[in-house]
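Sequence order for the protein chains is A and B.
With the first letter of the first sequence counted as 1, position 28 gets the number 28 in my numbering; the numbers rise by one all the way through.
With the first letter of the second sequence counted as 1, position 39 gets the number 39 in my numbering; the numbers rise by one all the way through.
The hints are simulated quantities; they were obtained by calculation from the structure and are not laboratory data.
Fair warning: there could be bad hints in the mix.
Stated by the list, open to error - Covered by chain B, according to a simulated footprint, are these stretches of chain A (three or more residues, beta-carbon under 8 Å): (1) 65–71; (2) 86–99.
What the hints assert, rightly or not - Straight-line C-alpha distance at most 35 Å; calculated DSBU-like pairs for lysine-lysine: (3) B:K18 - B:K234; (4) A:K135 - A:K63; (5) B:K123 - A:K128; (6) B:K308 - A:K37; (7) B:K308 - A:K63.
Predicted model, so just to flag it, every value in this text is computed and none were measured.
We put the CB at the ideal spot given by N, CA and C, even for glycine.
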Amino acid sequence: MGKEDECEAPQFTIEQFYRFLSEKKLMAARCIKCGTKYLPPRPICSNCYSRSLDWIQLETRGKLITYTIIHVAPPRLQSLVPYAYGILELEDGLRLPGMIRGIPDNEIRIGMELEVTFESAASEDWPKWPMYYFKPPR
Amino acid sequence: MLVKGKPLVAVVSAGLSKFGKMEGFTGRELFIEAVGDALQRCPDINLRKDVKAVFVGMMSESFEHQGHIAPMLADWAGLLPAPAIRTEVACASSAAALRMGIFSILSGLYDVVLVGGLEKMTKRSTLEATEFLGMAADFPFEQWTGVTFPGLYALMATAHMHRYGTTEEQMGLVAVKNHHNGALNPKAHLQREVTLDKVLNSRMIAYPLKLYDCSLISDGASCAILTRPDIAGKYTDKPVYIIGSGQGSDSLALSQRDDLTSLRAARYAAREAYEMAGIKPRDIDVAEVHDCFTIAEIIAYEDLGFCKRGEGGRFIEDGTPMLDGELPINTSGGLKSKGHPVGATGVAQIYEVFLQLTGQAGKRQVEGCDIGLTHNVGGSGATCFVHILKGG
Ligand SMILES: [Zn+2]
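Please put together the full structure from these sequences, using the hints given.
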């Protein structure tokens, strides 16, 4: 595939998910045939094997369903410890894991509302994806 | 056609290297120490003549910068030109080798095979080891976004505490029990008791998991010799039979699973193994379960049907899984105290149950045990194996 046709019709891929994220959009895929939703997107529905999919833009607010405070991290993230990390349940039960920022560790509670915020710059090195975080809603 | 409760294969011997920080030894040297141990326990076998294939588990090439290990291990074990294959499903890599060994015998192709596993981890720094182990998680949505391997189990622990009221003390009791057992195991990495106080006050790794909630980064290797059940008597008068083998899979990313407090792959593997063996959880006399973190052992009690969902915390509090309890669990010391050289762990569990069922477990011997179970988990639970063994 040439460089030109890449952006024409966004493929239902993880690369495209992160490209949308750089544009501050949280996008999931929906199977037109059976209605199953995918976050991250998949190019073929694992439920009915259909290739007819469309994009849905998700609300960025969700409910925290579990969390941890990480004190030992891999070398890339060791400068950030301790940091909070959790799983957010978004609309329709779709879930996204990520770092939690902007709230003291001891105020984090299961069930609290957080929202996805975007750091638009992609990493310079591989895998050249942006980061996102969860923060208390403004 | 499989018949319920009929032996799939016999285990005629098993071997283990010393587990621990084995300075000065590479993985292959530990592996042949395990093979030598198995040979000593089964002097009637002629390894070079009898063993027709080798299946070995190892998780990561990164630790020793060494790939293509299977033929190399066959060479060092003196088994050339026997075919050799490596299996990889994270921390369950050698249970996979065992299952492939079982399949190869059931296929009718081989009568005797060697299975095992290894990992040489301690020459790397903790940060490097954290990174290599983390590769078993889903890269785009777990590693990249900042979660670690202890972090994933911590997410399960927080969810389990929130939903069922499980406490840090109950998790701590798992560590206390396993260190008690490990202190009786001369091959264990850390052969010393710990107090609940020490566990609860150890440094935080990923809340609510503290240092003593985590298994050890260890070096070690394991092996077992499998034969067709009807010829086991040629090699030993005390064979152990594998009567059930189950395996299940789940999404690599924890966040994609419906339930964060239980492993579907483990429940699936357990059901398959119990059905094949024609037994119920209450028939188990002794078990080795995957306690990579203390919460993982509590979830294992529930997934294996030893207690109801949500009651794993009370199960340890009541003392049932203690060495002198009704169902002793992790008599070896488990991953927590015996150590967790990840690729070696699955067959190391088989080694412990083999010793128990043949009365060779020394100071930690459970009297009168006939049926044992092993439960080996890969990563945060995307893979799980359950095997059921019966004494001869
Ligand atoms: Zn579909």
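Checked hints:
Counting residues of the region 65–71 of chain A whose C-beta lies closer than 8 Å to any C-beta of chain B gives 7; at least three are required, and the coverage claim holds. Interface restraint, the region 86–99 of chain A with chain B: holds (7 residues with C-beta to C-beta distance below 8 Å; minimum three). Only pairs whose Cα atoms come within 35 Å are accepted, and B:K18 paired with B:K234 is accepted, the gap being roughly 28 Å. A C-alpha spacing of about 11 Å is found between A:K135 and A:K63, which places the hinted pair at or below 35 Å, so the restraint holds.
Between B:K123 and A:K128, the direct Cα distance comes to roughly 31 Å. Compliance with the 35 Å bound is thereby established for this hinted pair. For a cut-off of 35 Å, the pair hint linking B:K308 to A:K37 stands: about 32 Å separates their Cα positions. For a cut-off of 35 Å, the pair hint linking B:K308 to A:K63 stands: about 28 Å separates their Cα positions.
Hint violations for this structure: none, all hints satisfied.
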